[in-house]
Amino acid sequence: MIDVLYFAWVRERIGLPKERIETRAATIADLVAELAARDDRYAMAFSDLTAIRVAADQVLTDFNASLTDVREVAFFPPMTGG
Amino acid sequence: MIDVLYFAWVRERIGLPKERIETRAATIADLVAELAARDDRYAMAFSDLTAIRVAADQVLTDFNASLTDVREVAFFPPMTGG
Amino acid sequence: MDVRVQSSPFDPGIELNRFTDHLGGAEAGAIVTFSGVVRNRPDGSLVRMEIEHYPGMTELALAEIGQEAMSRWSLLDALVIHRFGPLVPGEPIMMVATAAAHRSAAFEAAEFLMDYLKSRAPFWKKEVTSDTQGWVAARSEDEQALTRWR
Amino acid sequence: MDVRVQSSPFDPGIELNRFTDHLGGAEAGAIVTFSGVVRNRPDGSLVRMEIEHYPGMTELALAEIGQEAMSRWSLLDALVIHRFGPLVPGEPIMMVATAAAHRSAAFEAAEFLMDYLKSRAPFWKKEVTSDTQGWVAARSEDEQALTRWR
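Residue numbers (our numbering), protein chains in the order written: chain E, 1037 to 1118; chain D, 1037 to 1118; chain R, 23 to 172; chain U, 23 to 172.
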């Protein structure tokens, strides 16, 4: 089981802020492929991965990162703080 | 007639903040030579001109500057504001 | 070092004075602050700005950026405050403050904090007018600014 | 733009808030301040700092530096306050504030103001302890800092 979080327009496109999912995905890229195959909302949200950033257990990482021992993954657009 | 002002340690060495003097000096360097010839206090104050900055009519200038139409000359160490 | 992520307003002037008083004046000569306020749109149509963030990761990211600044410039102290939730034009969004013995360290550390906070802390801004709403896009200049610190 | 040369104390926090309020929030997104406080000596022996200045030339020099910053970075506003006379450790000596649409302009303009003010505005600092007094020497780094702006 893994918590998947969505923020900003990724959250709006998918239609929910957080879900707990059962997955055997080995990497974040595998997880994205699994999610994108679900339905159009996910497919659209993940259609351009260059526009999406990802964090594993609250630390920025990349799509090739392993999911071993990861409890929380978050997808969001580039940050615009300050 | 010209007003001559001294600040910080230049003022302390010469022993006064301001004086009005009659001079025919053509440049600031000429004025400095005239003053340094007066007595030891002036000679000591002007012994190292690299340690002294000069302003003519309240604008920074250099020792070669002309005194024509200048009403006020000031001598002081490098500034330490801020 | 003090890091605060909050929905409630803050007063930049009071924060600056508190930050300065807290230093005690022994070693600090230079204090730099940056404060960001919600800018209106050129046509004055902005009703509010909504700031979303990632609770947990935000605090982690800001603490890490702050610690990096403290050690890299030997700061005497640093402060980061960032709001989330709805804000109206003219309201303070965020503030950083840095204190050092000399001005160059205080300035550089404040710029570093801002550059990292802009592109590495998980905040997202949405602009809301009476009939539109849209997420603010990241600026390539902001990503570019980080190369200065590598 | 506001330039003040004064012997009386000022409150950096109040000045920051007044400066920010005065902008009206239409275009300004970024406000940077620098405030300098009297540092004690490492052994804590400083009784007071005495700041001498050149009345008339000081105001001229600060106004010129301020105008240069305003136009070079298209600032929305700028503030310079510098005290003269006796000051005790921990007291604010001076402050600059800059406001711009984006942070890089506000930061650069504030650094420019500080660099010029340090070496081109006619102020001199004297440190007084219980048994010594001496003029603070200009630092070559401060003169060097000006080359960045040429």
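Hint data in this document are derived by calculation from the structure and do not stem from the laboratory. One thing to keep in mind: the hints can contain errors.
As the list claims (entries may be wrong) - A short, non-exhaustive set of chain E residues, derived as facing chain R with CB atoms under 8 Å:
hint: 1; residue: Val1040
hint: 2; residue: Ala1044
hint: 3; residue: Ala1079
hint: 4; residue: Phe1099
hint: 5; residue: Ala1101
hint: 6; residue: Ala1110
Using N, Cα and C, we set each Cβ at its ideal position, and we do this for glycine too.
Each hint, compared with the structure:
no.: 1; hint: Val1040; result: violated (13 Å)
no.: 2; hint: Ala1044; result: holds (4 Å)
no.: 3; hint: Ala1079; result: violated (20 Å)
no.: 4; hint: Phe1099; result: violated (17 Å)
no.: 5; hint: Ala1101; result: violated (15 Å)
no.: 6; hint: Ala1110; result: holds (6 Å)
The structure shown violates the earlier hints numbered 1, 3, 4, 5.
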